[in-house]
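Student: First to last, the protein sequences are chains U and D. At position 267 of the first sequence (counting the first as 1) the number is 267 in this note's numbering, and the numbers step up by one without a gap. Numbering-wise, this note's numbering comes out as the position in the second sequence, counting from 1, plus 1000.
Don't read these hints as lab results, they were simulated from the structure. Treat the hints with caution; some may be incorrect.
[To be verified] Just so you have them, the derived chain D footprint on chain U, three or more residues with Cβ under 8 Å:
{"id": "1", "segment": "178–185"}
{"id": "2", "segment": "202–213"}
{"id": "3", "segment": "264–275"}
[As the list claims (entries may be wrong)] Some chain U residues near chain D, calculated using beta-carbon distances under 8 Å:
{"id": "4", "residue": "Trp47"}
{"id": "5", "residue": "Gly307"}
{"id": "6", "residue": "Ser310"}
{"id": "7", "residue": "Val330"}
{"id": "8", "residue": "Ser377"}
{"id": "9", "residue": "Asp395"}
{"id": "10", "residue": "Arg407"}
{"id": "11", "residue": "Asn438"}
{"id": "12", "residue": "Cys513"}
Glycine is no exception: its CB is placed at the ideal position from the N, C-alpha and C atoms.
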Amino acid sequence: MARTSHSGPSLALLCALALPLMAANCGKQDDTSGETGHTGISPSDFWEIESFYGAPNIDDDDENGTVDWDDAVATVDNDWAELVIPAGVGDLNLGLTGESVRVWFDGALLLDATTTSASLTGADAKTLSIEFGEPVAQGELSFDGGGDSNTIALMAAPLTLNHHFQVGTHLWILSVNSMGYSNASMVTDLETILGSDRVTAVAGTGYGNDVWVQDEFEFGYRRIADNDGEIIVDSIRSQQGRYLDPFPEEQLQRPDVAVGTWGSSTPNSLDSFGNLETSPPVTVDGVEYPLGRIYYGGDDGLHPSVGLTSFLQSQQVQAPVRPDSSWLCVGHVDEFFTFVPDSSSPKGFTLLVTDVDLAWDLLDSMDPSTEIPKYTSAHHVSTIGDLVDDQALRDLNDDIQQDEIERVILDLKAEFGLDDSDITRVPGIWEENSWCRNYALALIPGLVNLAVFTEATGDHKLLIADPFLRDSGEDQSTDPYIALWDSLMPPGTESFYLDNWDVYHEGWGEVHCGTNIHREVGADWWTDATHLLGGE
Amino acid sequence: MMPRTLMISLFALALGAAPALASDARIADAWMAGPQRAERVQSLVADTSLTGADLAEAMTSADWRVRQQAAVVQGWRSYPELYADFSVRQAAPTRTGMLRFRGSEIADGRLAPLFLERLLQEPGVAYEQALIEVLPRTGGDWADAFVGLLQTESDVGMRAVLAASMSDAPRKQAVAGMRLGLEDASAQVRGEAARAAGWSDHGDQLIAELMAALGDSDAYVRAMAARSLGTKRAAVAFDALAPLLRDGDADVRLRTLRSMTRIDSEAMAVRPELSDLAQDPDERVARAAQSLR
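Extracted from the complex, chain U is given alone in its bound form (with noise of 0.2 Å):
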């Protein structure tokens, strides 16, 4: 009986049969002496199989300095899948291809780019390890053998990017306290509403007090059934060592997390991972994207490397989107909008998008002679009455909203499938500086450009900037903006006002900018994203 395996979109459609079978024991090698691990593969589910999914082999477990896959030696690892040819099977005749695949045999290698035909023999029950040498490296192994034939479809695990209601583990930010310049407040806030367990603060002095960890990398994962395997997407924002280009290799880096930098060309502002995010799991037009989508800012004139770009299309399930984030000085989408949890709402969450009309709203109420001494040295205002008599700035805003933002809410409500219910509209106005021609900075600090912090419990902590508009003295509890915040923030979650004043908002970036979280794995794409798989 002869059986022939597809590609593509059929690709999927025994992978659920499979999986049980094979996937479960990815990364489990120390099981390939039993045959526990295997009971119920009969050779007649071999010659069913038609996918086959592993974990790219691209961390260090030895730690040697190059990735596993370029050491191409015959040493046991945990990111090799195992692949079960049960007893009965007897002689076979293999044959592979695909660039980034290999295929090892009783401690060798028994196929790769170049020795793309092998024969195995005899009846006994045999281990093939398939490595993968990249993210969604692909391959073919056909076997053929007693007058049955098959062919396997292979497939590493694609690179899959955390989104922001992923349980969080630990947060990252570098510590700086020198030249008159200090987050030590905010650390130690942070360190109180989290844990101290929970956040490290890396000393600035090491990395040139670069303190724009968000920008530098980004977590992710390189999944399979109970691989998890990591990997920390290295941006090419800072390089050869400068500011923090070594701080993945450095802090984050060691067995089962990977390190890998995607892209190569000069880099711009948006080459920086806070114009790098992925949404919630969305579904649009009847599709489901169940690890939601990448997106990241831009336009065709401006934006991230391609080689960065064109690799996170190729992961397929989590389908990137580019709204325009080109008006922007900074030029990344956390300046002005994210998605926050939201327990109210069907779909789970509701999208923050800055609003100037509220803004104006918002300072128009206020008393003008208010004074608001933080924004004296860094925005030429030293009143409310300064913001809402500046016929300019309030034409800028105007033009902001009209022309640029709304304009990508009508992208966004496309592209992740929303309608005006699930957008939450909060204050946000613009100024120009005149380093940046005529792109855009957030005057109020952006609050918007927040980290969530998710907890195994269900809560969601919003880490967001202080907008100080108020007096010096006065708490928080007297900033009309804070109490506006509140008012808009869906149930379920819960706002902390950090001080991040001097060190990131005149630095034009608010505490999504300056932290980095871990967190722990989102949907499994094997089950739950096969149907996205294909439609590259």
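Guided by the hints, dock chain D onto chain U, whose structure is given.
Tutor: Same frame as chain U, now just chain D:
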């Protein structure tokens, strides 16, 4: 009265280029640039023959360079700890990588002479731009210096930031500085001057120059001139703006549409160009035009 030689010395020290009175031996001796300026300033700070009265008189000079040198010497004498701190205070990278000075302590007019002195001494365009950016935020005396530097600075990027900063200058300097910027050989500088005019409380003094800039060969200059005329509600510019509704650059068309609407929304709503603009290939222009129909 301040001795003439000291006056000349201060003037020459600040000049940073061949002094006007080069034949004066004292000037030739005193003239220096770069790090040597710092040494010279410190020698003047320590010079007990230079009295407070001398400095006070120098600070009334019509020449900003003389005032600057006197002010920084007096600053070092009057606020030695503050100046010692901020003489080494470093700008930190913003999220774009540009350097920027931060902190509420910046809003202190006493720091203006010190930052200005650093601007005249410190090499490196990126750092110099950070110093230009911070000076208006001190609230001190910086505007005359910027007007002067606009005339002598060779780096286009520096002149552009100087021109943009004129939006915060007092009337006399703002008008002079923005006018210089609008006449600059570099489109980047002209564009920043045109943009600054919209933000400046004194931009209405430059309506004629902005209208002339509507014919600039550079699209950014045209766009910023159009926008600033709208911000100033310059009714006189309404008809001059109209041809730019058919400009080849989408941003110019958008800024012009917005500007003319601000000047006279009723007149704009019946413009014949509006139907074409509503079908504009640029999404922003089309949306803006459709909202007016």
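Student: Give a verdict on every hint.
Tutor: Status of the hints after comparison with the structure:
no., hint, verdict
1, 178–185, "holds (count 3)"
2, 202–213, "holds (count 5)"
3, 264–275, "holds (count 3)"
4, Trp47, "55 Å, violated"
5, Gly307, "20 Å, violated"
6, Ser310, "24 Å, violated"
7, Val330, "5 Å, holds"
8, Ser377, "4 Å, holds"
9, Asp395, "5 Å, holds"
10, Arg407, "6 Å, holds"
11, Asn438, "6 Å, holds"
12, Cys513, "6 Å, holds"
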